[in-house]
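Trainee: Protein sequence lines, in the order shown, are assigned to chains A and B. If you read the first sequence in my numbering, its first letter stands for residue 218, the second for the next number, and so on. If you read the second sequence in my numbering, its first letter stands for residue 487, the second for the next number, and so on.
Bear in mind the hints are in silico, worked out from the structure with no lab data behind them. Quantities reported herein were computed from a predicted structural model and do not represent experimental measurements. Be aware that a few hints might be false.
Claimed, not checked - The calculated lysine-lysine pairs, modelled on DSS-like cross-linking and capped at a C-alpha distance of 25 Å, are:
| no. | chain 1 | residue 1 | chain 2 | residue 2 |
| --- | --- | --- | --- | --- |
| 1 | B | 555 | B | 594 |
| 2 | B | 591 | A | 259 |
| 3 | A | 274 | B | 591 |
| 4 | B | 538 | B | 555 |
| 5 | A | 259 | B | 555 |
| 6 | B | 489 | A | 259 |
| 7 | A | 259 | B | 594 |
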Amino acid sequence: EPEVTQTPSHQVTQMGQEVILRCVPISNHLYFYWYRQILGQKVEFLVSFYNNEISEKSEIFDDQFSVERPDGSNFTLKIRSTKLEDSAMYFCASSLSRGLGEQFFGPGTRLTVL
Amino acid sequence: DAKTTQPTSMDCAEGRAANLPCNHSTISGNEYVYWYRQIHSQGPQYIIHGLKNNETNEMASLIITEDRKSSTLILPHATLRDTAVYYCIVRVDYGGSQGNLIFGKGTKLSVKP
Chain A
218 EPEVTQTPSH QVTQMGQEVI LRCVPISNHL YFYWYRQILG QKVEFLVSFY NNEISEKSEI
278 FDDQFSVERP DGSNFTLKIR STKLEDSAMY FCASSLSRGL GEQFFGPGTR LTVL
Chain B
487 DAKTTQPTSM DCAEGRAANL PCNHSTISGN EYVYWYRQIH SQGPQYIIHG LKNNETNEMA
547 SLIITEDRKS STLILPHATL RDTAVYYCIV RVDYGGSQGN LIFGKGTKLS VKP
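The following block holds chain B by itself, in its conformation from the complex (with noise of 0.2 Å):
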């Protein structure tokens, strides 16, 4: 089962930012936090991962708590084509692990214009 619990749906305005908040209380020291996200029935698509510091790409942010147990990820700018159901998952990250993902429900989260 999914280690991680998610609201299960959020809106936001088009071109403000998304801030989606995952609990993961129960994580690891060597558990990775990653986001992916699903578009309408797509293949999933991954966005961004971290362990405890702010990670920043192009596509969003990732904050996590000094305690690991929470993190949120943020799109700076949210637009429609980011409407999706976005999935936190915690993950072991190291040669020994198996790699397979392990998807809760997520967060449906709709940007309105």
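Just chain A, with the same shape it has in the complex (with noise of 0.2 Å):
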């Protein structure tokens, strides 16, 4: 069965540093999305991205975050300078329609900012 897939699992970094976070969506889909929880917290809506531009992003998602799709599989979260704040699970998600039907979601990647 297809599959989101993300890269690292955990990533540990210095505050101020930049850091990617790398996802690989299941194939055909369209629709791509970023969601971060927070340790104990609930999920939150970061950004969603189709036909290589952003269609919507929350107030959580400001100018120190970006996102890009530098080829056909990959999806990719930028935090230019962590915060000691932006320390969560960071989860990308993909589906086929913006509309009806299930989001798929990878296994995520810990982010812990020092």
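Could you use the hints to bring the two separately framed chains together as a complex?
Mentor: Structure representation (structure tokens):
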């Protein structure tokens, strides 16, 4: 069964450093998402991406964040200058359509900012 | 913010049916009810969705009341592996929707031997 994969599973970085989280969505999916979950809190939407551009973003997704689909398979989330409060699980998801149907989530990347 | 209300936690005996309620009293006519679950910090997993008719798949059944203001997710024979946080999500499903999911706090279901 096809699945969304994410690398690395755990990333430790120093405050102020740049990090890139990588995701490989399901191959025929067209819509891509990033969510995050701070420990013990809700899963929060960050951004959705379609046709090589952002289609929606939340208030969390400020200028420190960017997304990219650099080739036909990868979908990345970059945090330019990490802060302590960026420590969280980051989940990538993909879907075939924007509307009806399910989103498939990856296993997540645990980001720890020291 | 999430448009749903769920109990914080529930227990269920292994092998018994788990019935997880959700209130969505402000649901609109074009909004679907979705259920996802999250097993111990893994990525959320889709379970089922419906508009107004009851739905069943290999994982669960979804019962939506006639006025659509509440629903119940039923896991017919709960196993220890069903221990997870279950999220009820109301979502518009048509071409113009943005597609992102808005998660609440969900219900922590503990299946006990």
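Trainee: None of the hints should be skipped; say for each whether it holds.
Mentor: To see whether the hints hold, each was checked on the structure:
1. B/555 <-> B/594: It holds: about 21 Å lies between the C-alpha atoms, which stays within 25 Å.
2. B/591 <-> A/259: Judged against 25 Å, a Cα distance of about 6 Å means the pair holds.
3. A/274 <-> B/591: holds, 21 Å
4. B/538 <-> B/555: Within the cut-off at roughly 10 Å; holds.
5. A/259 <-> B/555: holds, 23 Å
6. B/489 <-> A/259: holds, 14 Å
7. A/259 <-> B/594: holds, 12 Å
Of the numbered hints listed earlier, not one is contradicted by the structure.
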